[in-house]
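Enquirer: Spelled out, the chains give:
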Amino acid sequence: MVPLVDELLQTVLAGIATGCIYGLVALGFVLIYKATEVVNFAQGELMMLGAFFAYSFITFLNLPYWTAFLLTVILMGVLGMLLERAVLRPLIGEPVFAIVMVTIGVGIFCRSAVSMIPGWGTDTLGFKTPFGEKFLRPGGLVISWEHLAIIILTTTLIFGLYCFFRFTRLGVAMRATSQNQLAAAYMGISVRRVFSLTWIISAAVAAFAGILLSPFTFVHMNMGFIGLKAFPAAVLGGFGSIPGAIIGGLIIGITENFAGVYLPMGWKDVAAYIILILVLMIRPEGLFGIQEKKKV
Amino acid sequence: MRFIMKLNYDEDLRLFRYRSTFFWYLALVLGLLILPAILDNYFVSLLNFIAIYSVASIGMMLLTGYTGQVSLGHAAFLAMGSYTSAILTTKGCPFLVALPISGIFAALVGIVIGLPALRLSGLYLAIATMGFAFIVDEILVRWESLTRGNLGIYLSSPSIGPLTFDSEKSFYYLGLAILILTLLAAKNILRSPTGRAMIAIRDSEVAAQTMGINLAKYKTVAFALSAFFTGIAGSLYAHKVTFINPESYTLLVSIELLVMIIIGGLGSLHGAIYGTAFVILLPQLIILTKDHLPSFVRDQTGLEAGLYGLMIILFILFEPLGLYGRWLKTKFYFETFPLYKKETFKKEKKFYKAERH
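Chains as they are written, first to last, in this note's numbering: chain A, 761 to 1056; chain B, 93 to 449.
Misleading hints may appear alongside valid ones.
What the hints assert, rightly or not - Chain B side only, calculated, beta carbon under 10 Å to chain A, not exhaustive:
hint, residue
1, I142
2, L164
3, V233
4, A277
5, A278
6, K279
7, V345
8, L395
9, G398
10, Y400
11, I404
12, P412
13, Y425
Stated by the list, open to error - Using 35 Å as the maximum straight-line C-alpha spacing, the simulated DSBU-like pairs for lysine-lysine come out as follows:
hint, chain 1, residue 1, chain 2, residue 2
14, B, K279, B, K433
15, A, K794, B, K309
16, B, K421, A, K1028
17, B, K332, B, K261
18, A, K1028, B, K279
19, B, K434, B, K279
Claimed, not checked - Only some residues are given here: those of chain B computed to face chain A with a beta carbon under 8 Å:
hint, residue
20, G214
21, P285
22, I347
23, I408
If you are wondering where the hints come from, they were derived from the structure by calculation, not from laboratory data.
Just so you know, these numbers come straight off a predicted model, no measurement behind them.
For glycine and all other residues, C-beta sits at the position ideal for the given N, C-alpha and C.
Next up, chain A with everything else stripped away, as it sits in the complex (with noise of 0.2 Å):
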């Protein structure tokens, strides 16, 4: 193939992979609002204790990586469920914004709280994957397994949670608690329960994204700076909309990428946020989303 066509493919599959981790991040940021109304500013740092997490199963523990992996999942799963019954829960009925100050001091004290325990601490961390140092050459194509692995397990993801919401009783409630809480307290769902759950998938992905994440930015305590990265995705998809989480994710992810290959230093670090701020000016309502007019 021609080494420039092999040059675009290249940049285009480790935007994918980045995407997908933005994609991910996202969907936790578009879960919570759905449901809530809340963004979760420390979606980032839940991502980097799943990272952290999993280090230790590894590292301490010795677990393999699938145990290991699962079982960082369900601990943080837990833990989103905790927060929102001692943090959230209370805050119900609070204006938005007070919830959102509380998600950022959730963030910072994670971030301090990360520092401080033995054995984590401030330096930069790494745990052996199954997918390690290993390529696949299809053409003149060189293709990590680490990034495909990103790839497939999203994917997979993704489509559980299609299942999910589309064909349990407990996904439907969910998406019905969404589009109103009110009637759907009336037909008989625990909005309360809806709303634990909400943090618990939420969180569970986050730590599935720490946890691909980690080969590539190692397990440290700011890795959850790329939650900020976020953002411009879930807006460009619309915020309310899941499929435009991920595929916010990717546009965002394959421009960054290719920002970083063909244009000056510096314009791969603000590339998302120009998308964000083109897109606010452009269509508020992002890819997906459907522009809701305020009833008085």
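Knowing the structure of chain A, use the given hints to seat chain B on it.
Expert: Just chain B now, kept in the frame of chain A:
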């Protein structure tokens, strides 16, 4: 309790509600004037930072507390003010000219940001302003011919004519003067039609529009005013620390400004100052108590950030009205002494969807 009989509208618009209020404020200002004579440089320096950040948090309060527009990008306006002032004064422009220009420049940028923000509300606006702040930060790093990138700019202490404010104690008077001017300006804006329009927009956009308030105009004005004050604060900050680089204007600074007004109490100028004092003094308090803590706690680098995060959570959980709200409650308790009811300050909780439906 005191009741006041208002006989005409002028009385309703008075700057100080009671004559005694004026007296107490005068006493406060006089007290503040002699304060540097008693305190040592360390505490005066803290007071200086409180004054500088108070100017910025008053700007923030106008936008978020009174107009209801949340911004997570005020660090960018602070940076605009700092860099404008730094670049102008290093090129030989006097401080007294550079100070208002940095405010005006920040206000112009505020208008530019405010325009797309008109279509946005709530969280979208917060996210958009956050994105804008990231872009500004990157520009500051990359435009090296103007900003010297990460190397930063050194600048001189402010001077007006023959007066140089190069010591902590002399800077204190400059900071105090600007803070008082800012407070008077903000107070006057708030009792003018502009301020009332802003408050109306905060309480209900639809209702405000129905009353004939031009939403676009007043939201832009709110953005511009807020950016102006923040820009002034930025200029002061730059001249106080005499060295600036892009690292002083991160997302954390924007969050800090928001935390100040939330802890202080949204929708009150008193709150802006209480909150600022609280946020500035908290780390110092932690440092002071550190010596008495066991060493495994003391040596933690993340301790301050952790307590800070915890503070935000606890305040919003247990005192959503902020420090000013706490003060009001205490005052009310004594005014109505045996008859105080907790429910007086109970807010109506909204369980319906406010933003989307």
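Enquirer: Against the structure, test the hints numbered earlier, and report the numbers of the ones violated in rising order.
Expert: When the structure is compared with the hints, numbers 1, 4, 5, 6, 7, 13, 16, 18, 21 turn out to be violated.
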